[in-house]
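*Asks:* So the chains spell out like this:
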Amino acid sequence: MTKNVQTLEEVTIRFAGDSGDGMQLTGTQFTNTVAALGNDLSTLPDYPAEIRAPAGTTYGVSGFQIKFGSTDILTPGDSCDVLVAMNPAALVTNIKILRTGGTIIVNEDSFTDKNFKIAGLTSNPLDDPGLDQYHVHRIGITKLTGNALADLNLTTRMVEKTKNFFALGLMYWLYNRELDQSIRFIREKFGAKDPDVAEANLRVLKAGYNYGETTEIFTTRYTVKPAKLPPGTYRNIMGNSATALGLVAAAAKAGLPLFLGSYPITPASDILHELSRLREFGVKTFQAEDEIAAICSAIGASYAGALAVTTTSGPGLALKTEALGLAIMLELPLVVIDVQRGGPSTGLPTKTEQADLLQAVVGRNGEAPLCVIAASTPAECFTAAYEAARIAIKFMTPVICMTDGYLGNGAEPWRIPRVDDLPPISVHFATDPATFQPYSRDPETLARPWAVPGTPGLEHRIGGLEKQHITGNIDYDPDNHDFMVKMREAKIERIAQDVPEQEIEGPSTGDVLVVGWGSTYGAIRSAVSALREKGKKVSHMHLRYLNPFPRNLAGLFKGFTHILVPEINNGQLIKLLRARYLIDARPFNVIKGLPLREEEIEEQIESLLGERHV
Amino acid sequence: MSETSEKQPTTSTVKDFQSDQDVRWCPGCGDYSILAQVQRVFPEFGHKRENYVAISGIGCSSRFPYYMDVFGIHGIHGRAPAIATGVKLVNPSLDVWVATGDGDGLSIGGNHMIHMLRRNLNIKVLLFNNQIYGLTKGQFSPTSVMGQITKSTPMGVIDSPFIPVSLALGAQATFVARTMDRDPKHLQEMVRRAEHHHGAAFVEIYQNCNVFNDGAFFKFTEKGTKDDNVVYLEHGKPMVFGKEKDKGIRLEGFTPTAVSLTEGKYSASDLLVHNENDSTLAFILANMIHNPDLPRPMGVFLSIDNPTYEDLLDSQIARARSKKGEGDLQKLLNGEETWVIS
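Protein sequence lines correspond, in order, to chains G and A. Count along the first sequence starting at 1, add 1324, and that's the number in this note's numbering. Count along the second sequence starting at 1, add 8, and that's the number in this note's numbering.
This is chain G alone, in the form it adopts within the complex (with noise of 0.2 angstroms):
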């Protein structure tokens, strides 16, 4: 039969089930074959803690949200279109994001009394009359799974698993996708070692297309169209796994072998699994026995002459610290990659926040400055962790990174760089004996010379206790102290010198201007954006440089009435703001493991605006 095919800009899609239904994997598939039809896509995975929290329960559910259109896609949404949920845990947790008049597709046969008690429910929560705002379609889609499989002889258990692809190929058919990606997928995953899993997983997504086409539930398909991009080639990245790649294509232009000592911790591990796999490049990877191990191991890899990473988020930076002040004193590039979760302590392991900012600023022990860099969105984690290279390279100096949970576990699509446009990264190991000092200086960037173990002639001792201007022997007098505390600062002063002055997205004077830094530029952009489109003189700055500040920014203030400054914690960059330019910033905080929400800014816009009380 032939159905209606409707064209849309955009569409968020919300994938939810228990966290043993394959839900990520699920979202991964539709983003890598969205992706390559030349959709802009934005994603957020939010799963909980639990490796495999017990089936069925509310606080199991793992889902996975995607938006993808032909406009500029900044952020994953903050509310979906069509929900599929694989079980009442997952309706009923996801219903609250899901818009009015969007679309719910529920996997029908989950619909029992027995999971209802598990999740906590007294009724079926299809009956719920609050469903009427809502298109409800109710498949039996384990039944018509084991009806797919019916002849391979496969246990109950293995046909469970598969069913996730049901739903998958039904929405592909829904959004006019072919599966040919997917296909790829299974056929690489599974063909050769399980081909009785490949047969099963294939059958199954087909019979999902199949029944979106043959059955009269959808009477529409839509379809979205590519996206008008800089002309370039894509692909589709996660977050974590462009750091990785920044860290590698940094180490290559340097011409130094890369050292990454890393302890596994979540969100980062990603991180350390991407780096392991690329021995041909030459990649020293170290699981060490802990994070402070780990840092240790890249400060002794670095004064090796090794570009030195450690991995890790928020209670790994905290061990982290004694060792960082030690490079700190040691003046040795050493880039330290922070992807941040909800914290204090243990906090929330899978969920996101912004909260180590004034931990990486300034928390260690005595006058211990460092640089500290952010990335904005998933691809940009390349250029933050390039950025971060060449910086600790130049100026002899540690470098936090921040990135967060959001943006490690996001995607988007990525214009790849062409390796030879990569701005370039210079390393001079010093070789004269006759000339070396190890707290000589270069002038322009304050910067101490590198002499790796192995150059003959440069014998020389360092360590964690006060150095002495030039020659670096311990020394306790008192004004070579405040002198070399005061030259350490100037040091990290002189990166602003270096690094692009600040730009504002609109125009530079106004009445709000809106200031962030990290994961939340998408949702701070599209609120802005919206504003001005109706007028409104707003105006966006999104901070990538933390530590120190770029050196224009004093100015910048000056052009707007209020500065709104939103964040995933408490109140941290406006602290430094306002310590530092003496300025009246306002706060936006929410801090709920999620990223911020393009509505609830643009409400703190207006309410600043005096045009809306909140």
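One or more hints might be untrue.
[To be verified] A short, non-exhaustive set of chain G residues, derived as facing chain A with CB atoms under 10 angstroms:
hint	residue
1	1554
2	1557
3	1583
4	1605
5	1624
6	1774
7	1776
8	1781
9	1785
10	1797
[Stated by the list, open to error] Calculated pairs, DSS-like style, for lysine-lysine (alpha carbon to alpha carbon, straight line, at most 27 angstroms):
hint	chain 1	residue 1	chain 2	residue 2
11	A	331	G	1513
12	G	1517	A	23
13	G	1513	A	332
Hint data in this document are derived by calculation from the structure and do not stem from the laboratory. It should be emphasised that the depicted structure is a prediction, and the values quoted were computed from it without experimental measurement. Think of the CB as a built atom: it goes at the ideal place given N, C-alpha and C, for glycine as much as any other residue.
Here the structure of chain G is known, so what remains is to put chain A in place on it, guided by the hints.
*Replies:* Just chain A, lined up with the frame of chain G:
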């Protein structure tokens, strides 16, 4: 196998390894002897001076790198094995030495120590054991003996002490030895043996802190008592000790016992013969410390060959390259699926 560095064409001397820094240990400290013996034997190894790296943590012993004219890092408390690991992995041709103490290496840095040993990096550890915290002025350490009166234990230590040799063996170190600051020849020999071992080498050195724990090891180091209280371990030789070489160690079941060789009951052929390659025996010898009637073994407890971590890592890189070729960065950035927007 990545052997340590090129050999030096010209002979270096003790002086080449002395830095221009004044040595600031207390007068009479056992550390002076350790420094002197290391400076004496390093020239024998024939590496170029620039290929030595000395790494330390915090404590009296950890000042060691400042006094050696080689590359060095005076790190943070307990972390020397981790820092050394990074140095060694990036450049396996360097000869990397860790100087640490009983507090630095076994208390705050105990975790790094055991993991570095089990991974079998080709790094040499000199653990200066003085059974006290010297730099912080006299608190007990993890090797202080039960009942020891220190500033933080006015009524005596109630912590059961670590036996460094047992700990290293338990951590699967491939080379474990014990020696003494006051036996320069033996100390030199243990440093030599550590150098020539291809793998992690752990050398415990009994070191006298004459300020806070004077005489802790005198029973084993001083003329009058040493011979009857120390048995030198020599590979392939029976364990004989005593001033007149009149005593020996016999194994009864798994239990070592001291026997007389002059009473006619036992001769040298009845004694336990040392085998450095036997890890079971090494544990038995390490446990002799629990029996006050037995002499304290000195020498190489264990020396076995296992692949080093850095060799295994480098061979993975070689394997990956022979299979996939040198990494192509542009190909890596492109990934598997791309699309073009024109």
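*Asks:* Give a verdict on every hint.
*Replies:* Structure-based check of each hint:
Interface hint status for residue 1554 of chain G: upheld, as the beta-carbon distance to the closest one in chain A is roughly 7 angstroms, under 10 angstroms. Hint status for residue 1557 of chain G relative to chain A: holds, with the closest Cβ pair at about 5 angstroms, below 10 angstroms. For residue 1583 of chain G, the interface hint holds, since its Cβ comes within 10 angstroms of a Cβ in chain A; the closest pair sits about 6 angstroms apart. Using the Cβ-Cβ criterion of 10 angstroms, the hint placing residue 1605 of chain G at the interface with chain A is satisfied: the shortest such distance is roughly 3 angstroms.
Taking 10 angstroms as the C-beta contact cut-off toward chain A, the hint placing residue 1624 of chain G at the interface holds, the least distance being around 3 angstroms. Interface restraint check: residue 1774 of chain G against chain A, minimum CB-CB distance 13 angstroms, threshold 10 angstroms, status violated. Hint on residue 1776 of chain G holds. Least Cβ distance to chain A is approximately 8 angstroms, under the 10 angstroms limit. A cut of 10 angstroms between beta carbons decides the hint on residue 1781 of chain G: the least distance to chain A is about 7 angstroms, and the hint holds.
The interface hint given for residue 1785 of chain G is met, as the beta carbon of that residue sits about 4 angstroms from the closest beta carbon of chain A, less than 10 angstroms. Satisfaction of the interface hint for residue 1797 of chain G is found here, the shortest Cβ-Cβ separation to chain A being roughly 7 angstroms, below the 10 angstroms cut-off. With a C-alpha separation of about 20 angstroms, the suggested pairing of residue 331 of chain A with residue 1513 of chain G holds against the 27 angstroms cut-off. Restraint check: the Cα-Cα separation between residue 1517 of chain G and residue 23 of chain A comes to about 64 angstroms, which exceeds 27 angstroms; the hinted pair is violated.
Simply put, residue 1513 of chain G and residue 332 of chain A have alpha-carbon atoms about 20 angstroms apart, close enough for the 27 angstroms limit, and the pair holds.
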